[in-house]
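Here the protein sequences come in this chain order: X, D, C and G.
Read left to right, the first sequence gives residues 0 to 142 (numbering that gives the first Met the number 0).
Read left to right, the second sequence gives residues 0 to 142 (numbering that gives the first Met the number 0).
Read left to right, the third sequence gives residues 0 to 142 (numbering that gives the first Met the number 0).
Read left to right, the fourth sequence gives residues 0 to 142 (numbering that gives the first Met the number 0).
One or more of the hints may lead you astray.
For chains that are exact copies, the list does not tell them apart, and a pair is met inside one copy or across any two.
[To be verified] Below, a list of computed lysine-lysine pairs in the BS3-like style, where the Cα atoms sit at most 27 Å apart:
(1) K73 / K139
(2) K58 / K126
(3) K126 / K108
(4) K73 / K92
(5) K73 / K58
(6) K58 / K92
(7) K73 / K126
(8) K116 / K73
I should point out that these hints are in silico values taken from the structure, not numbers from a laboratory.
Protein chains: 4
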Amino acid sequence: MKTQLEKSSSKVFYWPIRVYYEDTDCGGIVYHANYVKFFERGRTEFLREFGLSQQELMKQNVAFVVSRMDINFKRAARLDDMLIVSTQITQVKHASFIFYQRIEDDNHKIYCEATVKIASVNPTEMKSQVIPSAILTEIKRVS
Amino acid sequence: MKTQLEKSSSKVFYWPIRVYYEDTDCGGIVYHANYVKFFERGRTEFLREFGLSQQELMKQNVAFVVSRMDINFKRAARLDDMLIVSTQITQVKHASFIFYQRIEDDNHKIYCEATVKIASVNPTEMKSQVIPSAILTEIKRVS
Amino acid sequence: MKTQLEKSSSKVFYWPIRVYYEDTDCGGIVYHANYVKFFERGRTEFLREFGLSQQELMKQNVAFVVSRMDINFKRAARLDDMLIVSTQITQVKHASFIFYQRIEDDNHKIYCEATVKIASVNPTEMKSQVIPSAILTEIKRVS
Amino acid sequence: MKTQLEKSSSKVFYWPIRVYYEDTDCGGIVYHANYVKFFERGRTEFLREFGLSQQELMKQNVAFVVSRMDINFKRAARLDDMLIVSTQITQVKHASFIFYQRIEDDNHKIYCEATVKIASVNPTEMKSQVIPSAILTEIKRVS
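With the hints as constraints, model all of the structure from the sequences given.
And the structure:
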């Protein structure tokens with residue numbers, strides 16, 4: 000899975016993240032696993048912005064899980080930094096889709112970027128399942 | 000709720016905790032909220048040691064939630080430190096019980112201590128409910 | 000340390016918190032240690048709002064650490080909930096001060112409340128030290 | 000960066016991880032970012048086992064940071080599960096090296112696997128720097 004080029008035509012959603020003590024480690028910088036949390040906040044707010052509530056999806060017996068992440072750590076963020084997560088959908092398939100996400104600051108310096116594959120699964124058995132067509136249409140609308 | 004004196008008669012359970020990067024913050028020390036996680040690991044292992052599985056309790060429609068914590072932060076732990084959580088039950092009532100817990104190192108230096116009130120609730124409604132008598136007997140056995 | 004009554008005269012600062020997946024546990028509710036993180040975000044934003052940067056304090060060789068927390072867990076928050084942390088200083092002494100904090104929703108339902116004692120320490124030795132008078136004046140100004 | 004095949008000749012180190020409440024989310028499974036923490040514990044214990052203390056390295060003005068992770072999430076772990084992280088070094092270069100890691104259970108079911116690129120940087124400026132030859136020799140010894 001190669002890093003996706005930013006698609007100029009797709010909807011990009013921006014979400015601000017402030018770095019708190021909880022996010023840092025004794026190296027003085029943001030602990031690497033916490034960027035993974037930041038990316039998830041970005042995807043959640045992306046879906047909320049475009050009207051796709053994860054709790055609603057659960058009621059329709061569809062769950063989306065992260066099945067793959069390629070993460071590139073490029074620069075170290077620090078306490079009090081104000082970061083921006085950008086999120087867009089770059090590819091949609093029958094049972095999965097791909098987000099390209101980036102964490103930057105106000106000066107467009109990139110701290111971290113990731114390609115995130117989301118798989119549609121049955122919530123009880125966690126087995127891959129085709130995305131219901133109504134939801135697939137919604138995902139294509141925002142990609 | 001006063002800090003409980005250590006009861007000499009009760010069962011005390013010890014559980015080791017290694018401090019990793021994930022536990023520290025940019026002040027160079029363990030982030031204070033993470034002691035709360037360490038205490039929970041200690042209580043979980045205490046219950047496991049004495050045969051009280053939380054998943055088993057769930058099946059009997061009993062959930063235990065933390066309803067109160069008084070925490071005393073006394074000394075700062077650091078990366079790679081080897082800590083020991085001690086856990087004991089100091090009081091048992093009809094719908095709640097109290098743990099006294101301490102985090103120390105090998106030299107009996109105390110880093111953090113806490114009194115933790117656990118309430119018995121109905122898992123679906125999260126309302127207080129009397130602890131079933133069979134489970135109450137078990138809790139009294141290990142206190 | 001008793002729970003402080005809300006002081007009507009002091010400055011109260013409100014900060015919104017959205018509940019994400021990372022904040023919840025398999026009980027379906029916010030994991031109790033994460034309220035401790037939420038409280039810390041509230042205090043950090045309180046200090047930022049009133050012009051007291053923790054990084055600035057560090058440069059003046061003053062560090063503030065949490066030395067005591069009394070936490071009352073009253074209601075379970077869930078995924079996607081929008082919470083509000085209220086923060087105020089209720090007491091100021093020579094080497095410590097006390098925050099009273101509350102986590103509520105839009106309908107003033109209280110989820111969690113805490114009394115948090117902050118101690119002034121020397122950052123290198125972590126020993127208690129008197130708060131420098133200029134900073135003490137600032138803290139009294141916002142309490 | 001392709002997923003590395005397991006090198007049969009290299010040293011593989013195994014580290015047990017118990018799943019606690021703190022690791023799970025309201026989907027009932029381990030929150031995906033927490034596998035990233037588990038992998039870091041595995042690498043830390045690998046280095047400790049083979050005599051490479053990260054605090055010692057810091058004193059020699061060498062810091063190792065995660066510069067890239069490719070993670071494959073294959074199966075959902077749950078509360079109380081006992082997992083095993085396996086860790087090995089699969090490639091060593093002048094200023095970086097690569098870990099291949101896997102999280103499995105007792106029955107060799109794979110939950111998550113990752114290829115982790117570690118870069119050697121100057122701790123103050125976070126710029127890439129060649130690994131000192133004495134340390135490089137140590138890393139090659141355990142790969």
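Results of checking the hints against the structure:
1. K73 / K139: Answer is between: at 25 Å across copies they meet the 27 Å cutoff, but 30 Å inside does not.
2. K58 / K126: For K58 and K126, both the intra-copy (17 Å) and inter-copy (24 Å) Cα distances are at most 27 Å.
3. K126 / K108: Answer is between: at 15 Å across copies they meet the 27 Å cutoff, but 39 Å inside does not.
4. K73 / K92: Answer is between: at 18 Å across copies they meet the 27 Å cutoff, but 29 Å inside does not.
5. K73 / K58: Classified as between: cross-chain Cα gap 24 Å, same-chain 38 Å, threshold 27 Å.
6. K58 / K92: Result: close within a single copy only, 22 Å intra versus 39 Å inter.
7. K73 / K126: between (34 Å within a copy, 10 Å between copies)
8. K116 / K73: both (20 Å within a copy, 12 Å between copies)
Of the numbered hints listed earlier, not one is contradicted by the structure.
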